[in-house]
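Here's the letter readout for the chains.
Protein chains: 2
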Amino acid sequence: MKIVLIGAGNLATNLGKALFHAGHEIVQVYSRTEESAKTLASVLKCPYTTQTENVVRKADVFVVAVKDAALQTLASSLQVSREGQLFVHTAGSMSMDVLSFERRGVFYPMQTFSKNKEVDFSVIPCFVEAVNENDIQLLKKLALTISDTVYELDSENRKYLHLAAVFCCNFANHCFALSADLLKEHGNIPFHVMLPLIDETAGKLHSLLPREAQTGPAVRWDTNVMDKHLQLLSDTPEIQKIYELLSKSIHEEELKN
Amino acid sequence: MKIVLIGAGNLATNLGKALFHAGHEIVQVYSRTEESAKTLASVLKCPYTTQTENVVRKADVFVVAVKDAALQTLASSLQVSREGQLFVHTAGSMSMDVLSFERRGVFYPMQTFSKNKEVDFSVIPCFVEAVNENDIQLLKKLALTISDTVYELDSENRKYLHLAAVFCCNFANHCFALSADLLKEHGNIPFHVMLPLIDETAGKLHSLLPREAQTGPAVRWDTNVMDKHLQLLSDTPEIQKIYELLSKSIHEEELKN
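Respectively, the protein sequence lines represent chains A and B. Heads up: the first sequence runs through residues 19 to 275, numbered per the numbering used here. Heads up: the second sequence runs through residues 19 to 275, numbered per the numbering used here.
Okay, chain A solo, but in the shape it has when bound (with noise of 0.2 angstroms):
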């Protein structure tokens, strides 16, 4: 397929390489900065523009991976001389709405994506989303030859998906970092020694359910445990409340089921 880039970001960067790889052919790539538009479009072998306007008229998909913000004053800028193009953005928390193109869409891919961290996108899950069915085939087809799992989901859903994510991602990174600080202040441990039990905790989950893996003091409702791990966090007082909120969630998730 022929496909227009607009954004040369992390996620446009790793998303352009991987649809370049599978053979389509990106028509060109937009970004208001003129460094990042440069750098990708030489490794996607194409030309580039930063101006909205020069924008080509034409193309299968125009893929729009900018910043949330950015997002729908960039794309209204970009719908004079393109209507019935195919327009999709690629945020995970925004409407399909944010989009006032007739044939508009979504192509999430739910992944982390680092500068300079080249990510397989074969197993990263893809949910498409479009106003009229050919146009979700088209997308579905798209993603299917950079990805093993595709799904077909609206925006009401995926709002639900976004936020599951930043649980997964996001908040258990946080905690993650909280467990790096206590290192740092106490005994001078260095972080990678919390690795092997954070790759089996993240690996556990191949075999297990989330809730059928959990151990700990708050699983088994040890108040012993955590009467002491509450003292020893006394002069932080924010993350002693976390400790308490999600020790008292873990043992409502466990008298669910």
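Treat the hints as calculated values from the structure; they're not laboratory data. Hints should not be assumed to be uniformly reliable.
Which copy is meant is left open, because identical chains are indistinguishable; a pair holds if it fits in one copy or across any two.
[What the hints assert, rightly or not] Listed next, the in silico DSS-like pairs over lysine-lysine satisfying Cα-Cα at most 25 angstroms (straight line):
{"no.": "1", "residue 1": "K20", "residue 2": "K259"}
{"no.": "2", "residue 1": "K76", "residue 2": "K20"}
{"no.": "3", "residue 1": "K159", "residue 2": "K56"}
{"no.": "4", "residue 1": "K274", "residue 2": "K259"}
{"no.": "5", "residue 1": "K274", "residue 2": "K202"}
{"no.": "6", "residue 1": "K259", "residue 2": "K246"}
All of these numbers come straight from a predicted model, not from anything done at the bench.
Position chain B relative to chain A; hints supplied.
Coordinates of chain B only, in the frame set by chain A:
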């Protein structure tokens, strides 16, 4: 070394196997439950007993790997006739001094152990402590026969290590559990779609510290997305509160650095 194993639960089983495979002689297994004692003893090719008075009197190390609640009472009942022997417990959260033997110590392998899931002990960090310098060296030597990562750590700092492990393991896992609940209730997406994201979140930490790896709305302080997420959680005020506190804490962590 000649080792007596007091306990036959998850940790005792995993540790016993690792010690056995490293060439140590497990002299005897004790468990209150005959079934457990028998099962583990057959794996470790050694005799077993269910009576504390029948536990052997001499060995290089007595490893007491039982539930925290049972530890002190059980250890006391073994103390008679075994003065001069080295007794260690394996509980991360317990002080060395819950044992009252003159030669007491701790041997804490930091990992989450599940039944029926073999673990590779060599990557599990072990934390040792003892009253006598000779015993510290003995425990370090023993630990190095089964693990590549061995630290000496006193009881006070080990409390924080154990707390840090609760954040890395139990609390991160609970974030996964909350995520699974959200997916179950909205859009009927199976939890396994989250595995690539979870694996990447854990995998990143092999090259980045958690706070360097953080992404998502809270670290960007994107109140637009966060407010929408809080709205989605309005039916579950406890989870909403967890979302709010973790987001604030991510923001605090970001401001600190």
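Tell me, please, which holds for K274 and K259 at an alpha-carbon limit of 25 angstroms: within, between, both or neither? For K274 and K259, both the intra-copy (22 angstroms) and inter-copy (19 angstroms) Cα distances are at most 25 angstroms.
Within a copy, between copies, both or neither: where do K76 and K20 come within 25 angstroms Cα-Cα? For K76 and K20, only the intra-copy Cα distance (9 angstroms) is at most 25 angstroms; the inter-copy one is 77 angstroms.
I want to check one pair: K159 and K56. Are their C-alpha atoms no more than 25 angstroms apart within a copy, between two copies, both, or neither? For K159 and K56, the Cα distance exceeds 25 angstroms both inside one copy (29 angstroms) and across copies (57 angstroms).
Up to 25 angstroms CA-CA - K202 versus K274, copy category: Only across copies: K274 and K202 sit 14 angstroms apart there, 36 angstroms inside one copy, limit 25 angstroms.
Reference check for the pair K259 and K246, CA-CA at most 25 angstroms: within, between, both, or neither? So K259 and K246 pass the 25 angstroms test inside a copy (14 angstroms) and across (23 angstroms) alike.
What label fits K20 with K259 when the C-alpha limit is 25 angstroms: within, between, both, or neither? neither (52 angstroms within a copy, 46 angstroms between copies)
In summary, the numbered hints that this structure violates are 1 and 3.
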